[in-house]
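Student: Here our numbering is used: the first residue of the sequence shown is 63, the next is one more, and so on.
Calculated from the structure, these hints are not laboratory results.
Since we're looking at a predicted model, the values are computed, not measured.
Among these hints, one or two may not hold up.
Below 20 Å or equal to it, Euclidean Cα-Cα: the simulated SDA-like pairs (lysine to any residue) are [as the list claims (entries may be wrong)]:
| no. | residue 1 | residue 2 |
| --- | --- | --- |
| 1 | K78 | Q108 |
| 2 | K78 | A163 |
| 3 | K68 | R303 |
| 4 | K68 | I306 |
Estimated spans, in silico, between C-beta atoms of each pair [claimed, not checked]:
| no. | residue 1 | residue 2 | range |
| --- | --- | --- | --- |
| 5 | R105 | P268 | 37 to 43 Å |
| 6 | E257 | R217 | 21 to 27 Å |
| 7 | D170 | I306 | 18 to 24 Å |
| 8 | N216 | K299 | 19 to 25 Å |
| 9 | N216 | D300 | 36 to 42 Å |
| 10 | L123 | E257 | 24 to 30 Å |
| 11 | A95 | D193 | 41 to 47 Å |
| 12 | D300 | G212 | 20 to 26 Å |
| 13 | T276 | R217 | 30 to 36 Å |
| 14 | R217 | D93 | 35 to 41 Å |
| 15 | A258 | A95 | 21 to 27 Å |
| 16 | I115 | E257 | 21 to 27 Å |
| 17 | I225 | R335 | 26 to 32 Å |
We put the beta carbon where it would ideally sit given N, CA and C, even for glycine.
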Amino acid sequence: MPVQRKAVARSVLMCKPEYFTVVYRINPWMDPALPTDTSLAVRQWQTLYDVYISLGFDVQLIDPIDGLPDMVYAANGGMVIDGIAYGASFTHPERQPEGPAYMEWFADNGFEVAVPEEINEGEGDFLLVGDTILAGTGFRSDSRSHQELGRVYNREVVTLTLINPSFYHLDTALAVLDSTPGQEHIAYLPSAFDEASLAILAERYPDAIIVTETDAAILGLNSYSDGLNVVIASRAKDFERQLIEHGYNPIGVDLSELLLGGGGVKCCTLELRR
């Protein structure tokens, strides 16, 4: 008998991809030689936005800035828990102006801002599961940001090391399906992590969904759940099957254009926990 899943209304921050294009390469997904269609990216993003509205989410918007094409990946803009926004400090110069832009939005919208001293890329590498923060490192966020994160939120932070450059952020290799304390549930791709991290995941989440390489390769794990409804890449068919078996309601969306920049559903979604 599957666990009875329960939807919890979410508050999220998004950024419309009005200036989306791929003009530089900072991850294996990006190729400036391939054409991008900004209007298609906007239409696909709008579909995701509409899904969230239909689920009863409170969706806040930050204004896009010309010259910051990756600002659509709002998850990287910081992490918000208990009304405190821990800002992002990006690895690559191309994205560094996004950090202050997001921190300004947080401050203007009533959040207490914790300005980072260490390199980190927000919810790209930080995922709250129950009372614990899973924190990725290996490609983008410096492991020293994990200690800083622990001090800011006074929570347990568990470091996970990523080893496959195609899965350069934690949220590309691991999805939080249920963050309710006591019934934490995740999905992940084992080959994205080193052995020590796999041992941690296996011990803490023995009932986790293990996704296929095929579904992970279209960023199927870069998904967002309210505890019942899980918004995923529409092509991630085996992940969809597994979610149904575990009592979830998967909702597929096509963000193929934004995938050209190395992002999917979760990348476009920053959770605002007041």
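Student: Give me the numbers of the hints this structure contradicts, sorted from smallest to largest.
Tutor: 7, 8, 10, 12, 15 and 16
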